[in-house]
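Number of protein chains: 2
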Amino acid sequence: MSLKDQSVPTDPIEAAPLPVEEVLHNADENLNASLDRLLRFLSIPSVSCDPHYAPQCQEAASWLVNELAGVGFDASVRQTCGHPVVVAHKREATGPHVLFYGHYDVQPVEPLEEWIADPFDPKLRLQPDGETHIVARGASDDKGQLLTFVEACRAWKAVTGRLPISVSMFFEGEEESGSQSIDGFLDEAGQELRADVMLLCDTYLWNDAIPAVTVSFRGLLEQEIEITCANRDLHSGAYGNAARNPIQVLAELISSLRGKNGEVAIEGFYDDVKDPDEDLGGELGKLNFNADIFLKKVGLSQSAGDEAYSVLEQVWTRPSCEINGIAGGYCGDGLKTIIPSKAVAKISFRLVAGQDPEKIEAKFCEHIRARLPADCRVKFTGSGGSKASIICSKSEYLRRARAALKDEWNCESVLIGSGGSIPIVSVMQSRFGLDSLPIGFARSDNRHHSPNEKYDLSSFHKGIRSWIRVLAQLSNCDSSRFGS
Amino acid sequence: MSLKDQSVPTDPIEAAPLPVEEVLHNADENLNASLDRLLRFLSIPSVSCDPHYAPQCQEAASWLVNELAGVGFDASVRQTCGHPVVVAHKREATGPHVLFYGHYDVQPVEPLEEWIADPFDPKLRLQPDGETHIVARGASDDKGQLLTFVEACRAWKAVTGRLPISVSMFFEGEEESGSQSIDGFLDEAGQELRADVMLLCDTYLWNDAIPAVTVSFRGLLEQEIEITCANRDLHSGAYGNAARNPIQVLAELISSLRGKNGEVAIEGFYDDVKDPDEDLGGELGKLNFNADIFLKKVGLSQSAGDEAYSVLEQVWTRPSCEINGIAGGYCGDGLKTIIPSKAVAKISFRLVAGQDPEKIEAKFCEHIRARLPADCRVKFTGSGGSKASIICSKSEYLRRARAALKDEWNCESVLIGSGGSIPIVSVMQSRFGLDSLPIGFARSDNRHHSPNEKYDLSSFHKGIRSWIRVLAQLSNCDSSRFGS
Numbered sequence: 086m087s088l089k090d091q092s093v094p095t096d097p098i099e100a101a102p103l104p105v106e107e108v109l110h111n112a113d114e115n116l117n118a119s120l121d122r123l124l125r126f127l128s129i130p131s132v133s134c135d136p137h138y139a140p141q142c143q144e145a146a147s148w149l150v151n152e153l154a155g156v157g158f159d160a161s162v163r164q165t166c167g168h169p170v171v172v173a174h175k176r177e178a179t180g181p182h183v184l185f186y187g188h189y190d191v192q193p194v195e196p197l198e199e200w201i202a203d204p205f206d207p208k209l210r211l212q213p214d215g216e217t218h219i220v221a222r223g224a225s226d227d228k229g230q231l232l233t234f235v236e237a238c239r240a241w242k243a244v245t246g247r248l249p250i251s252v253s254m255f256f257e258g259e260e261e262s263g264s265q266s267i268d269g270f271l272d273e274a275g276q277e278l279r280a281d282v283m284l285l286c287d288t289y290l291w292n293d294a295i296p297a298v299t300v301s302f303r304g305l306l307e308q309e310i311e312i313t314c315a316n317r318d319l320h321s322g323a324y325g326n327a328a329r330n331p332i333q334v335l336a337e338l339i340s341s342l343r344g345k346n347g348e349v350a351i352e353g354f355y356d357d358v359k360d361p362d363e364d365l366g367g368e369l370g371k372l373n374f375n376a377d378i379f380l381k382k383v384g385l386s387q388s389a390g391d392e393a394y395s396v397l398e399q400v401w402t403r404p405s406c407e408i409n410g411i412a413g414g415y416c417g418d419g420l421k422t423i424i425p426s427k428a429v430a431k432i433s434f435r436l437v438a439g440q441d442p443e444k445i446e447a448k449f450c451e452h453i454r455a456r457l458p459a460d461c462r463v464k465f466t467g468s469g470g471s472k473a474s475i476i477c478s479k480s481e482y483l484r485r486a487r488a489a490l491k492d493e494w495n496c497e498s499v500l501i502g503s504g505g506s507i508p509i510v511s512v513m514q515s516r517f518g519l520d521s522l523p524i525g526f527a528r529s530d531n532r533h534h535s536p537n538e539k540y541d542l543s544s545f546h547k548g549i550r551s552w553i554r555v556l557a558q559l560s561n562c563d564s565s566r567f568g569s
Numbered sequence: 086m087s088l089k090d091q092s093v094p095t096d097p098i099e100a101a102p103l104p105v106e107e108v109l110h111n112a113d114e115n116l117n118a119s120l121d122r123l124l125r126f127l128s129i130p131s132v133s134c135d136p137h138y139a140p141q142c143q144e145a146a147s148w149l150v151n152e153l154a155g156v157g158f159d160a161s162v163r164q165t166c167g168h169p170v171v172v173a174h175k176r177e178a179t180g181p182h183v184l185f186y187g188h189y190d191v192q193p194v195e196p197l198e199e200w201i202a203d204p205f206d207p208k209l210r211l212q213p214d215g216e217t218h219i220v221a222r223g224a225s226d227d228k229g230q231l232l233t234f235v236e237a238c239r240a241w242k243a244v245t246g247r248l249p250i251s252v253s254m255f256f257e258g259e260e261e262s263g264s265q266s267i268d269g270f271l272d273e274a275g276q277e278l279r280a281d282v283m284l285l286c287d288t289y290l291w292n293d294a295i296p297a298v299t300v301s302f303r304g305l306l307e308q309e310i311e312i313t314c315a316n317r318d319l320h321s322g323a324y325g326n327a328a329r330n331p332i333q334v335l336a337e338l339i340s341s342l343r344g345k346n347g348e349v350a351i352e353g354f355y356d357d358v359k360d361p362d363e364d365l366g367g368e369l370g371k372l373n374f375n376a377d378i379f380l381k382k383v384g385l386s387q388s389a390g391d392e393a394y395s396v397l398e399q400v401w402t403r404p405s406c407e408i409n410g411i412a413g414g415y416c417g418d419g420l421k422t423i424i425p426s427k428a429v430a431k432i433s434f435r436l437v438a439g440q441d442p443e444k445i446e447a448k449f450c451e452h453i454r455a456r457l458p459a460d461c462r463v464k465f466t467g468s469g470g471s472k473a474s475i476i477c478s479k480s481e482y483l484r485r486a487r488a489a490l491k492d493e494w495n496c497e498s499v500l501i502g503s504g505g506s507i508p509i510v511s512v513m514q515s516r517f518g519l520d521s522l523p524i525g526f527a528r529s530d531n532r533h534h535s536p537n538e539k540y541d542l543s544s545f546h547k548g549i550r551s552w553i554r555v556l557a558q559l560s561n562c563d564s565s566r567f568g569s
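Residue numbers (the working numbering), protein chains in the order written: chain X, 86 to 569; chain L, 86 to 569.
I should point out that these hints are in silico values taken from the structure, not numbers from a laboratory.
A couple of the hints might just be wrong.
Any copy, or any two copies together, can satisfy a pair, since identical chains are not distinguished.
Said to hold, decoys possible - Pairs of lysine to aspartate or glutamate residues, derived as EDC-like cross-links and limited to a Cα-Cα distance of at most 20 Å, are as follows: (1) Lys381 x Asp460; (2) Lys444 x Glu352; (3) Lys448 x Glu481; (4) Lys208 x Asp377; (5) Lys381 x Glu144; (6) Lys382 x Asp460.
Please build the complete structure, drawing on both the sequences and the hints.
Structural data, given as structure tokens:
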């Protein structure tokens, strides 16, 4: 990696009098050891949504605590009503106090048959362009990204014996399954996590060459609906036509959720939607986003969304309703000529600024109930949901972090939105007024939540280097509120 | 069982000079041995639609051959391109020649957790009303029913050393999975199955006290459609709104298959539908059918079908379109926030007189293709299908069989329709001009294709006795065409 961009500092912000170059060199020299730690971390199948993997979630948390203790953190596993969290602190005499957030849990791996190898036996795969892919569930989301920050701290500690600023860490194990234990944990121990700003790394680069800070996230509302008609599966010959078919009913209900232009057709769904934050709105046009390429990469040629909005608006600043799963009757080999008793669908809404999950849930349930034919019962299973989050794009922390990114990447970073949800961002803002600074190094082709998830070795390496520089730059910020 | 109804023959048809009473007595005396054979037969998990059970299908066929050989039949297992068939012959010097058809294969058992016991470990369960239920997959459909005929032959052989008429038997192993090997087998060996009339026992009593001959069957057309959008599962945050969701597409397509009144909304679907056979049409009104009770028994209160037709017409003489299964995305524990790449549905059509499966398949495919949005590919998987069958209700065989049923049940039998399909009926009629005589002893609550399928011990017992009488009565018929 060329370091020439460091030799002539041209940024108006003065570099801190810290041995940044030595720390970067240390990280470069120890990259293989960092990678070995990542591969070990990835081999733990910490799938949070499936209760069978609870011991593996515990194992991942314990593994993190051991690693953090090795870097000098006061680290511990904390039990919750669900999977445990990891909390770690390393207080320093100078600079502000940052909280770094990540999650050690991962998505399920289904469909397993589409993986080229065991998703929990991580493999390095050299690519034709010279890049190396780290292939495993969680490689990018979020174990690889999370470790970039831990390894940056390790390099600072190795070279200087300390960190440039005070750092706390908070890793949860339920990000992929609704973060249901977080509220309870924060009720009890939240004060311990107060800091000046929260850093997180669960986000994307803008492209391979340009880093990004993500300043808006959509919220998430999850709903499962189960439709029951007859009290048992029926022979489709004996009852066909006369018996209400719950798959047919469910299909008609799902069909009613979207209008002809791709808009969500639930009454009042858009009532409270606010215009996107001006900063982000302004940035969207500058990003030179190519929607055709975005869609073509996944085998699509045109947007399914509301034509009144650009594709970038559709995925960042407009709310959505997607069916994530459906099941009913018999779908194995051959045909089973039944009218099933039940059918079920998993549905999730992505929410934008202004939308309240509880209100949307109520409107959704009302929409379904109003359309339910005779002889059908519906069971709703929801899980609370989270609001959208808008990050203030004018803070000193953001300005310093972007300066650090410019030093490492040799170009200006961009401000972007995210269609996904990081509920902790809105939770920490509403509970403690804590702003976030989401900087991630994932590429758009990393196959998050899909088979053959990967993280580029260069993302891992430049991610570590970027955080080394960010930590140095943040040491110039005043600790405005809770400085250590 | 009271036999007094036999003591004073009042039917205008003279009873054959055969020792019917002794044969009935033999069957009564040996009921426990007959039952033991049925329990052994039921313990073989001959699920035909799942290739994993191919050895068990072979085992069921071999078991039948051994039993038939024990009754004096020249019986053999014949291999096909799928599961084997069983063919057996016992020629006698007198009477016509009947072919008895049945199937040794069974439906899958899913959902297994709803069974009160292992579906292949048959249990006898005494009921509060004194009835005994034989609970197992296939107890009624069709192993129990099939054996009523075999055991009737056994009793005749035991008492008289012969059968009253010539009997061939033909048992297939793919009735529950589309009978795909039958055509090939009949091409090669069909001549061997020519007879004067085909008997079968895969049908129902009208009610606990009144036997029935089923004179119309709906045909069956099976279709699977798989919708593919993106080339992989996508993160619903990153792509939600913009990426076409195959579950949403499939739901909209399914929704389009039925109109507001429950009618099938495929253009031209009803074009070729003929009025139901006059005999059956006339019988429908006489049957004193209680649609409310029919629906209430399975937890429903009103018909989902076209109100212009009675419930009995909806399930017997009107064609239907039912979704038998649907699957897509993630439906395990928790939520997986994906837009899946694919979704699939299994759909079956019940066809009535006049409808051609090939034409309906073409109309269905055209209906789907015409509604497919951009970026969707559809894969159709069909399996040929069968036409509806109408049995001539005026034959001498039918008249004699009904006389026998009246002797056993002490009441007139009724002529009924069936919403289900027995493809062999239409196949044998079109290939060899062979009429059928479907007489079954299943009750409507036997849970065919569902968990906890059962056969009443009284169905089994009176079924054996009924066939003993039918064989005697048919000995009075002239062998009009192929008599032995």
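Taking the hints in turn, this is what the structure says about them:
1. Lys381 x Asp460: between (44 Å within a copy, 10 Å between copies)
2. Lys444 x Glu352: Cα proximity of Lys444 and Glu352: one copy only (12 Å, versus 41 Å across).
3. Lys448 x Glu481: neither (40 Å within a copy, 65 Å between copies)
4. Lys208 x Asp377: Neither way: Lys208 and Asp377 sit 31 Å apart in one copy and 62 Å across, limit 20 Å.
5. Lys381 x Glu144: neither (39 Å within a copy, 52 Å between copies)
6. Lys382 x Asp460: Cα proximity of Lys382 and Asp460: across copies only (13 Å, versus 44 Å in one copy).
Violated hints, listed in ascending order, are 3, 4, 5; each of the other numbered hints is respected by the structure.
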